[in-house]
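Protein chains in written order, with our numbering: chain A, 1 to 280; chain B, 1001 to 1280.
Certain hints may be false.
Computed list of chain A residues with no C-beta within reach of chain B, every gap over 12 Å [stated by the list, open to error]:
1. Ala7
2. Glu257
3. Ala269
Coverage of chain B stretches by chain A, computed from C-beta distances (three or more under 8 Å per stretch; other residues unrestricted) [stated by the list, open to error]:
4. 1114 to 1128
5. 1173 to 1187
Derived by calculation from the structure, the hints in this document are not laboratory data. The beta carbon of each residue, even a glycine, is placed where N, CA and C say it ideally should be.
Protein chains: 2
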Amino acid sequence: MTARAPAPRRFFELLRASATAHGSLVCVGLDPEPARFPVHLRGRPRAILEFSRAIVDATCDLVCAYKPQIAHFAAERAEEQLEELIGYIQEHAPSVPVILDAKRGDIGSTAGRYAREAFERYRADAVTVNPYLGHDSVEPFLAHADKGVVVLCRTSNPGARELQDLEIGGRRLYRIVAERVATEWNARGNCLLVVGATYPRELAEIRSCTGSMPFLVPGVGAQGADVAEVLANGQAPGGGGLIISSSRAILYAGTGEDFAAAARHATLALRDQIELARAT
Amino acid sequence: MTARAPAPRRFFELLRASATAHGSLVCVGLDPEPARFPVHLRGRPRAILEFSRAIVDATCDLVCAYKPQIAHFAAERAEEQLEELIGYIQEHAPSVPVILDAKRGDIGSTAGRYAREAFERYRADAVTVNPYLGHDSVEPFLAHADKGVVVLCRTSNPGARELQDLEIGGRRLYRIVAERVATEWNARGNCLLVVGATYPRELAEIRSCTGSMPFLVPGVGAQGADVAEVLANGQAPGGGGLIISSSRAILYAGTGEDFAAAARHATLALRDQIELARAT
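Using the sequences and the hints given, assemble the complete structure.
Given below as structure tokens:
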């Protein structure tokens, strides 16, 4: 007997299915910071994996995606725990896609090695990338047609203004990135954009030129953006088109042994806040 | 007895010392690709480390820096070999600084994790970063005053034109990045810029607005740029200010058991070509 190959995972199908089944646009960002773990986990050899798995167990019926942030693993020499975590999500919550938040960006041959890292080694369903080096630097990711490629457009940090808001013939740089991605980079229909929740006007402008392209929207949790504004400005025509990501406000909602229950409570609250805003 | 702490490594001191002692502006880029390794190394469990160490042994008296490219290790699950390789360089060629080519870029708290990855985990002397997210995204790297922070400015790939050449009030984006870095981000004097050798006019323009800031210049080897043009357009006032990087043309100069000797020969040839161009 030969083992049957698993069905191929297609990012956009998984995203739609999870969003519908869970009635949720919430993406939980998995940014494990050992210094903030509850005391009973600290110092354990695989604390990062144990912490993250407990978060997944407590939230996987409430989310449309997970977004592990690779620096939090790399800084702790925990790449193997990241591999195991992604495998765990795909086994225990097989309908929930995994977006590897890596913000990679390099030239052709090296970009191919980064694509291999994200899609073959970690088996992520999508990955975040940086546009500064141009289309050819992103092409090795785009060539994986079943995978999502999430291009940084307008980020949520204060310094985003410095370059992303520069004006080129009446249009700001983030808008040019959005238009390029929507009209050229998206030939296989597998692009998304990162647009920070903290800048609702920019969110509306980027939506106006990108049709129904999904946005990954960080900034609603610890960074304090308003959910109703995100919905009002960022939804695609006909609704949806948003993956609203929160990390620290969920992961560290509780500080004791009940941290996973507290994370579930915070995820539920965010999901319901979003659904309320969608309905109004 | 307590062990004496090793002297702190200061990137710019090491760079100057190596460039002077070795009479060289050559940086060897360590981009190990197992499929291109000589047959006798293929399939060995630590082939990446063995290959890279042999290159270091054969070239360490001829270079001003090494630049391991992290994707080539990450794609092969070889982070431990990268740690060992950097440790090996710092032990066997202690005057040669290590630039970790990672092109990281993320917002504040995550950027701090990437800085920890580069400077604490890998103990790199410098790291490449992407400017798209603005000054605050680079600050956690810049805060390590003894380390070099190499900001992408005008890259060597064809797609670099797409965003980096956009014109903002008469100045192109790469020039604005160069000026920002030179006047604001470089408060601690620890910035460098990546400027591709394949665009000599841009190299000259960027030199014109950045004083003596060192440039990391890829593109002279496999990418085919002209060394004399790089020198003519990129040298700092008074000479120097260039780290000329070649990877594949050196690493894969030979394909047999003599690959390290072939790499030495290619490094020597590049060093001498540069020195000839400097003298004329």
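Checked hints:
1. Ala7: Per Cβ check, Ala7 (chain A) is outside 12 Å of chain B; nearest 25 Å; holds.
2. Glu257: Nearest chain B Cβ is 25 Å from Glu257 (chain A), so the label holds.
3. Ala269: Non-interface label stands for Ala269 (chain A): nearest chain B Cβ at 22 Å, farther than 12 Å.
4. 1114 to 1128: holds (count 5)
5. 1173 to 1187: This one holds; 4 residues, not fewer than the three required, reach chain A with a Cβ under 8 Å.
When held up to the earlier numbered hints, the structure conflicts with none and fits them all.
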